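Undergrad: Here the structure of chain A is known, so what remains is to put chain B in place on it, guided by the hints.
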Amino acid sequence: MPNIVELAQVSKTYPLGNLEVRALDGVDLAIEKGEFTTIAGPSGSGKTTLLNLVGCIDIASEGTVRIDGQSTAQMSESALTNLRLDKLGFIFQSFNLISVLNLHQNVEFPLLLQGGLTKGERDQRVRNIVEKVGLADYLHHRPNELSGGQRQRVAIARALVTEPAIVLADEPTANLDSGTGKAIIDLMKDLNRVEQTTFIFSTHDPSVMAQATRIVRLVDGRIADDGLGETRPEAHA
Amino acid sequence: MISRLRILVLVAFRNLFAHWVRTIFVGSIIVFGATLLVVGSAFMASIDKGMSAGVIGSLGGHLQVYSSQGKDEFSLFGGSMMGAPDIGRIDDFSKLRKVAEGVDGVKAILPMGIDMATATSPGELERALGELRTAVRDEDAVAIPALRTRIRDILAQLEDELTKNAQIVADKERIEEGLGVVREARTEAFWSRFDTSPLSALEFLDTRVAPFTEEGRMMYFRYVGTDLEAYPKYFDRFEVVEGEVVPPGHRGFMFNHRFREERVKHFVARNFDKLRQAVVDKGESIAKDPALSSRVRKMSKQYRRITYQLTAAEAETLKAELTKFLGEEGSLDQLLESFLTITDDNLLDRFDFFYATVAPKIDLYDFDVGDTITLRGFTRSGFLKSVNVKIYGVFQFKGLESSDVAGGHNVVDLLTFRELYGLMTAEKKKELAGIREEVGLEDVSAADAEAELFGEDTAIVEAVDATDGFDEFAGVDLQSERDRMASIENAVFDKTQQDRGLALNSAIILEDPEAIAPMQAKLTKAIDEAGLELRVVDWRTAAGIVGQFIGGLWALLLVATIITFLVALIVIITSLVIATMERTTEIGTMRAIGAQRSTVLLMFVLEAMLLGILAGLVGMAIGSGIIFYLGSVGVPAPKPEMTFLFGGPRLYPQLSGVGMVFSFFVVFVVSLLSTIVPAILVTRIQPIMAMRAKE
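Note that the protein sequences, when read in sequence, are chains A and B.
Residue 106 in this note's numbering sits at position 106 of the first sequence, with consecutive numbering throughout.
Residue 1118 in this note's numbering sits at position 118 of the second sequence, with consecutive numbering throughout.
Hints were generated in silico from the structure; no laboratory data involved.
Note that the structure is predicted; figures quoted are calculated from it, not measured.
We treat Cβ as the ideally placed atom computed from N, Cα and C, and that holds for glycine.
Don't take each hint at face value.
Pair ranges (Cβ atoms, derived) [said to hold, decoys possible]: (1) ALA30/A x ALA1018/B: 41 to 49 Å; (2) PHE1662/B x ASN144/A: 41 to 49 Å; (3) SER78/A x PRO1513/B: 52 to 60 Å; (4) GLY1625/B x SER76/A: 50 to 58 Å; (5) ARG1692/B x GLN114/A: 23 to 31 Å; (6) LEU1673/B x LYS33/A: 47 to 55 Å; (7) ILE1676/B x SER71/A: 30 to 38 Å; (8) LEU228/A x PHE1025/B: 53 to 61 Å; (9) ASP86/A x PHE1662/B: 43 to 51 Å.
Example chain A residues on the side facing chain B (calculated, C-beta under 8 Å, incomplete) [claimed, not checked]: (10) ILE57; (11) ASN96; (12) ILE98; (13) ASP170.
Over the 12 Å line for every Cβ pair with chain A, so calculated as not near, a few chain B residues [as the list claims (entries may be wrong)]: (14) ALA1146; (15) GLN1497; (16) THR1564.
Bound-form chain B, shown alone:
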């Protein structure tokens, strides 16, 4: 049997050699297909791995749990629609924790709430006033005079600006009013009043003058409220780049580094960064790219954003430095405008000068670590809700630094999230009860609402003449309000408080990262048994559209593979059919001299299989070579958005064992399938055919 097989293999081999043109042609297609499969599957597996590491390690965890009562699909990174989707909520997270922690294999469970919030960056005056207020509170004898000088400089510039505006703005009255208060604030008398009663002077500046300054920028961003003690522990992509993680039990906010660079950074600095990135990293040209040159034109007009932040002394110094650097004379405004007129040639020098000389004199970010930020969120009932929280630090997701998907998420403690989301905390409930008491609010039932509201004598309590200089702050104790806010900022909460309450979703970290599917089933069962109306999804599903993207890529590879192998199949079948017809005499002869049908069939199958497997192996070897090479040098993400899929700036594809086995299997099956038609023909060849040969 073995020797018979050997001679058949030999015949098959020799036939492949004898018809080398055909062999090479068919072989090449299979080589291509196998290479495509190996490279494709390695890429896909690596992207899958990179992305899974990115998603799991940044926000997703292995599994996500959320309410089964929501109307919209849950999506960790936001869906395609704007606005907050209704994903339902987990009303009491502690119940879920109890169930999840009872399931073997769960390493950790974290409550989460992902939502949108806004924050407005303070204007220059506001910022200086804030610092002055702190200095006054701390009785900082050094800082107070410096800040006074800075505020007076800002006021001088403001007066200048308002005077100019008065000539072009229609609402002259309002400008006149502004000029009035600004001029008053610039008087010596005002600052003597500051010396005796600083808080009331600050109040005036805050409430009367500040509204006339340029408004700060509003930022709209996503944030994740979570257990900030556990989060850095279980999400390995989380990395602090500045400041610290919010301490356990504290309210606090952390900026995502990318978000801060893109949205919170000083306008001019941000433009320098973008220009440098475009010209140096991407090789674009300011002269040739209209978008870049427009950016430069806009940037050169933004010198005020620098001068506003300078004290008189700093302005003098900078003027001297710029005069020397540029070799030009002029006012600081002129010099800065000239300095900010960037070209491809001067970009790098000016970039360096900006960061070395200008940046230390200004606030590079609207918010710094240690500042307090006022987050505003729309509650579920549509009210705007504000919460002040301290910024403890800046973090990034390792490897995903340039990804907007990952870079757009800032983090906040869970209690702050709940407040922004619009859920009452105990302290809020108490506060509200106090207000109700104070204003004499009563509950009115719908049935007798009319009688309650209009039935009695409705005496007007107090007539107020609206023109009579109404002061909204009259009678409000601003200091105690500030103290209340500060008490919230500094409030410490315990774990129970964090656990017993709302979360929108929950991330589950598993002991065994490979056991996602079985653990999903186990958790679903446990949750159902506990009667919680929650559903468990894997990270891929939770990643929403991002997760589906990889499914799309797989489908694309599959289609390409199917097409390639379909072509291969047709070509192989055709060539084998031709080969069969050419070899009718030979096969007839073999049959005549005693070869069974099965023997000649085996010979043909062997031939197709040998070709398929050899070409498949060559293709797999080539594919492996390509992957080894790419795996060592890495494939750069073609676009920043791709870093998320690549799990980092470069993808280092690795051979996938499953992919190799799959490739071999596909080649094997295709080879086998390709022999079916020829095999039918072969077995129909009668021994009598041997007699028909004529040379």
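Only chain A is shown next, with the shape it has when bound in the complex:
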């Protein structure tokens, strides 16, 4: 399998007053297409920074980041935006839905940004993905009319509707109760298996971590451990 994500000697430093905080420190990481990877570690270990770099919403201070073979270092902001739109899907800890749009419109939004599809094609895509996340009956509900779990499902649908190569999720279950959280991870895993979409998500919840096929542990901005999860396909086999 080719590497969909490649990080080589990636460091990220932030200024914090007069100090410089090194959030990531010489990280090397390669993720293959179709992996279901979790980035684990305590708060402040650099999980979110790593996801931001992979998600092209932040730029590495040192080292190179390659997404689907393309180095992001020299890309313009507009090109990065297009890269995010076409190759990446995002699931946020706080769901980040557009509050004034209903479920259908929220999911359709990235397709509208992409352009190129007819309304019929868009509607078909939206319906398919919404069915997959189990919200077919809520198409016209606004986010505030949905529960936390339902909202996160909408976010998942929105992330997947463009059929991206990679879906990034930053603590997707942090704001959900454990039952709902598990259901969300199950859904993601299901989609990973069926659609072969690469998932990279961060968490510090051990039960969520346990669902991953690969666990990358970060401590103080460095990879402390990169191992197989309990549920890796081989383990089941």
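TA: Positioned in the frame of chain A, the structure of chain B alone reads:
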């Protein structure tokens, strides 16, 4: 692209709804601003239109031409300064006419001269004598005895008055002299002399008795000398209310109706009019208003102004009528004084009685149509110049009847103007040459003036004892002088005579009233090329301070608009900045999932524009509604002076297309401007902001 725009519009709309308090707040300001603009511009345009119609149609024409050599600003309706401004002059109007008529688009050109003149209204005796003189000339057997009786009545009253005066006046000698001549004129012997030699008897009354009567009132007024044949044709506000327009080629004067009502009307009648206007039209009260009650007190003492004009028979009739009307007994003087003691309650009854019963017996106006008026003007060299002209009629400026600005202008033919202005006409030059001949006047050069005047033997021609009953009329043929005046009055002149000569300014009427600016340029060019030292201004400039007033109103509206929209701008910017900060996560998320900067920017601009345009449209609709309503019922001029600005007693504002477009443009620009600051903030929001949200 369309679908993307649609979702952005949707987001913008939904955001406006979601933050409805803010939307209503900001929207209201824009609604107010747009309403103000639409209503304001409609009012201004309508006032502008009304005033332009008033100015153009009364005196201004579309363009005015006057000398570029004058020292003062030209102002059709008079400047703020008293006295005649020096606006230079157009020495030969025919040259200007030739140039102007050669310019395409000029419909008509009229010479004008605006100046001040005075006229003195005749006293009662003078008036009766004038009528008697006419009756004698016409050998009117019916009128002569009646007028004789009236004059004798007046003389009786005059004697009575002088006797009373003799007790209080210091100059007793003069009063005694007056009493002497009045008593002589009352004798039967005098009137037998009248029967045999009426003109000499009239002369005595005119020159010896009349000076002891109360003097007539002097009026000071503006007048416009112009081509009275063309004037009514091209000035559509001009409307004859009595008599006729001065016939072509004739000398003549026309009163402005308002001026005549205000200044020429009988004192008592005028007071009745004013009281009725104050009480009925304005709802004021004689009892409560000190100015009105003072007017009534003054009026009640003016019964003489009525009795002077009555014959004995009329006086008897009126006495009987008043006794019946008032239910009181007394002399006519007492009855009239009582009748003229007006209160709020009896005003209307007495007003009606006055006009129905008293007015037909007296002259309501000092001057009537058909009378001859002696106009006096100060010539440029400072001499007083008098010209007699016939009053042909009374006119008014339609719609501007109650405006003092428009109502103060009387009109006269151009030749009379020139004479009053002090310019020699051919006939005057001849007359002057005759006088020089007669008195042996010689031109004396400055160099040998002394020798000429004092060098020779200077024998006193004739010693006259000043106390020796000097008669200034001795040796003067008064009849031939009168005939000369009459010949001027009846003189006919032709157009060439009118054209070849002086005018102070000139009104130009255009074929296309919309083409004022280009025609001004064309005419200026033509005039310059012809080498005439004249300048061309539009009616607004020519209207002077009146024209500037509307400029002031425009400025006021502009300032109000600017303030409103400045406030709107600040409020919108603030609220959008707050909105931007509140929506950092949402915008960050959009950016993260692939929205370009331009897309989120567009979304914000759309939101501000939608609000601006919708609120602007609502404001314009409200404004239009207000104007439609006011346009149908009309806005009454709050003061008579305002009728001039309103172009009539009521202003019917109409929506102005330019105003609507301008309003929309302003709202659009303000909305767009208001997005600048928030837009800068929006584009600074990084996609990473999406990650910072915590619920």
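Undergrad: Each hint needs a verdict: does it hold in this structure or not?
TA: So, going through the hints one by one against the coordinates:
1. Checked against the hint of 41 to 49 Å, the pair ALA30/A and ALA1018/B passes, with Cβ atoms roughly 44 Å apart.
2. The hinted range of 41 to 49 Å is satisfied by PHE1662/B and ASN144/A, whose Cβ atoms lie roughly 42 Å apart.
3. Evaluation of the 52 to 60 Å hint for SER78/A and PRO1513/B yields a pass: the beta carbon distance comes to about 57 Å.
4. Range check, GLY1625/B to SER76/A: about 52 Å between beta-carbon atoms, so the 50 to 58 Å window is met.
5. The hinted window of 23 to 31 Å between ARG1692/B and GLN114/A holds, with their beta carbons roughly 26 Å apart.
6. Checked against the given bound of 47 to 55 Å, the beta carbons of LEU1673/B and LYS33/A, roughly 50 Å apart, stay inside it.
7. Hint check: ILE1676/B to SER71/A, Cβ distance near 36 Å, so the stated range 30 to 38 Å holds.
8. Distance hint check: the CB atoms of LEU228/A and PHE1025/B are about 59 Å apart, consistent with the given range 53 to 61 Å.
9. ASP86/A and PHE1662/B have their C-beta atoms about 47 Å apart, which keeps the hinted 43 to 51 Å range intact.
10. Below 8 Å, beta-carbon pairs count as interface contacts, and ILE57/A has one with chain B at about 4 Å; its hint therefore holds.
11. Using the Cβ-Cβ criterion of 8 Å, the hint placing ASN96/A at the interface with chain B is satisfied: the shortest such distance is roughly 4 Å.
12. Because the closest C-beta pair between ILE98/A and chain B is about 6 Å apart, less than 8 Å, the hint holds.
13. Annotation: interface hint on ASP170/A holds; nearest CB of chain B at approximately 6 Å, less than 8 Å.
14. At roughly 97 Å from the closest C-beta of chain A, the C-beta of ALA1146/B stays outside 12 Å, upholding its exclusion from the interface.
15. For GLN1497/B, the shortest C-beta to C-beta distance to chain A comes to about 84 Å, beyond the 12 Å cut-off, and the non-interface label holds.
16. THR1564/B, annotated as away from the interface, keeps every beta carbon of chain A farther than 12 Å; the closest lies near 30 Å.
Figure legend: structure checked against the earlier numbered hints; every hint is met.
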